[in-house]
Structure formats: C-alpha cells, structure tokens
Amino acid sequence: MLQLATFQALSCLLFCRPRSQAGFILPLALTASAVLLLGSASVHTLSLQKRLRIHSISQREQVADQLRSAAQAFVVATRGPEACLLQWPSLDWPSAVHACNGSDPSRLSGGVVAEMPWSLLDWKPSIESGQLRLQLADGRTGNFRLSLDPSAASVFGISEVQLQGRVPQLEAE
Amino acid sequence: MTLLEVVVSSVVLAGSSSAALGVWNQAANEIQRSSQLDELGLQLETARIATDRWLQSDAASAVVFDSTSPDCRFNPEALEAAVAERLPLGSELSTSWSADPQGLGHWLELSLKPQLSMPPLKRRLLFSPAAYGLCKQEEVRS
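Note that the protein sequences, when read in sequence, are chains Y and B. Residues 1 to 173, numbered by the numbering used here, are exactly what the first sequence covers, in order. Residues 1 to 142, numbered by the numbering used here, are exactly what the second sequence covers, in order.
Only part of the chain B face toward chain Y is listed, based on derived beta-carbon distances under 7 Å: (1) 9; (2) 20; (3) 23; (4) 30; (5) 31; (6) 37; (7) 38; (8) 125; (9) 126; (10) 133.
I should point out that these hints are in silico values taken from the structure, not numbers from a laboratory. Owing to the predicted nature of the structure, the values given are computational and were not obtained by experimental measurement. Glycine included, each C-beta is placed from N, C-alpha and C at the ideal position.
With these hints in hand, go ahead and build the complete structure from the sequences.
In structure tokens form, the structure reads like this:
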C-alpha cells in the first residue's frame with residue numbers, strides 16, 4: 001500500500017498539474033527551436049547565394065575573356081589587304097572587295113581562338129572608330145569599340161567588352 | 001509545469017541549438033571562403049586590366065615589341081619580364097605567357113597558386129601587338 005501511494009505521489013508530481021498552471025515551457029522551447037532553425041536556414045541560404053554569385057561572376061569573366069581574345073584575333077586578321085575593308089560596314093564588304101585589291105572578307109568573318117569558334121556579327125565604321133559585334137559558338141555576343149588610325153586604316157585600340165545576352169545561333173537561322 | 005515537460009523542452013532546445021550552431025558554423029566558413037575567392041577574383045581582374053592598360057602605353061611599345069620580327073609580334077621574354085616587373089601581383093597569383101599556335105599573339109594565363117581550400121581560379125587572354133597599334137601598315141589599299 002505504501003509503495004502504491006509513493007508511486008501515485010511521484011506520478012502526480014510528474015504528470016499532474018492544475019489547469020491554471022498549464023505548461024508554457026514546452027511551447028516556449030518549441031518556438032525558440034523554430035526561430036533558431038529558421039535563422040540558421042536563412043544564413044545558410046545567404047552563404048549559398050554568395051557562392052552562386054561568385055560562380056556566376058567567374059563564368060561571366062570567362063566569357064568576357066573569350067570575347068576579348070576573339071576581338072584581338074579579329075584585329076590580327078585585319079592586317080594586310082583586309083585593313084582596307086575596315087572603311088566599309090561589314091554588309092558592304094562583298095561589293096567593297098573590288099576597291100580593296102587582294103582582300104578576302106571571309107578572313108574577317110570568323111575564326112577559332114583557343115578552340116572556341118567566333119564569328120563576326122557586325123562591323124560599323126565611323127570617323128575614327130568602329131563598332132564591332134562578335135559572337136561565340138555558344139551564342140554569347142559582345143560589343144567593342146575599335147579606335148582606328150584614319151591615316152593608316154589600322155586599329156590602335158580596343159575598348160572594354162560590353163556583354164550581351166545569347167542571341168540565336170547563325171546556323172539556326 | 002511538470003518535470004517531464006522540462007526534460008522534453010530541454011532536449012528539444014538542446015537538439016535544435018546544436019543543429020543551428022552546426023549550420024551557422026558551416027555558413028560562416030562558406031562566407032569566409034567566398035569572400036576570399038571574391039578578393040582573389042578581383043586581384044586577377046585588376047592584373048588583367050593593368051596589363052591591358054600598360055600595353056596601351058607608349059612605354060610598352062618600346063619595350064615589348066619585337067621590331068626585328070617581320071611578322072609583327074611581341075618579344076616574349078621582354079614581355080614577361082616587363083609585366084612581372086611593372087605589375088607586381090599578390091603572392092597567391094601566378095602568371096605565364098605562351099605563344100599562340102596560330103601566331104595570333106601571346107596568351108596570358110593568370111591563375112591562383114594551388115591551395116587545398118580553394119577551387120582552381122584562372123583567367124586566359126590573348127594579347128596581340130596589332131590590337132595596340134604596334135603593327136604599322138606598310139600600305140593601304142583603297
């Protein structure tokens with residue numbers, strides 16, 4: 001009988017409580033846990049976002065480097081008889097070849113740099129500069145302003161690349 | 001409030017605190033690593049811009065252009081030495097120059113020295129003297 005009474009007393013100590021003393025510790029602990037876990041999830045998301053941003057910047061710089069290298073290759077191709085073609089927009093080159101002896105517009109229309117094919121989209125000359133648009137094989141394009149030496153019909157500077165979004169592939173057109 | 005409630009609450013709070021602390025620690029490491037990568041990427045970009053700007057200068061044309069070559073090219077040894085001397089890079093970065101197999105110019109490779117905690121970070125660009133007005137046209141056909 002004594003043991004039963006002791007057990008009942010202990011049980012009551014553990015589990016019995018008046019209605020007025022309804023527990024607040026457990027809801028408080030659950031709320032605090034939820035806040036902690038949500039907070040850590042937010043911080044983790046922020047760190048992943050930063051990582052993704054750096055990855056995206058790195059990819060963008062790789063593309064910009066490929067376009068810059070393609071622009072340098074374009075300028076190399078304009079040495080020789082093809083330099084004369086720089087005076088005309090690329091759309092007029094088929095007819096301008098008669099005025100530029102020995103020039104071959106196809107030499108300026110594309111090439112391969114570090115295993116990445118590039119193609120000329122557009123060339124628009126003005127007084128002492130020209131607007132160059134190049135496209136990589138993956139569809140990414142970039143704009144450059146080329147400084148021209150009018151007395152020698154040659155390039156003496158390439159501006160910083162302006163990246164553009166992907167445009168449909170020329171082959172697909 | 002019962003003892004059981006206190007015990008259960010303590011276990012829940014301890015478990016969630018431990019999990020949250022682990023995630024916070026991991027996130028803090030990731031943010032620190034990303035910041036380092038960001039800074040190294042900026043150093044690579046600064047080195048690229050500095051090389052480009054220096055090649056545009058008059059001083060560069062006198063030093064790195066190989067005037068003895070008939071096909072207009074950089075003097076690779078002079079180019080490498082001049083860039084290394086004038087554009088000091090951070091100790092984490094390394095540069096190397098190599099000739100383009102098609103003869104278009106020279107490739108500059110800027111890279112991060114191997115580190116266990118960092119992924120490979122590399123920039124590769126073609127530089128040609130023609131793009132800096134160093135190759136004079138002999139004649140203009142028009």
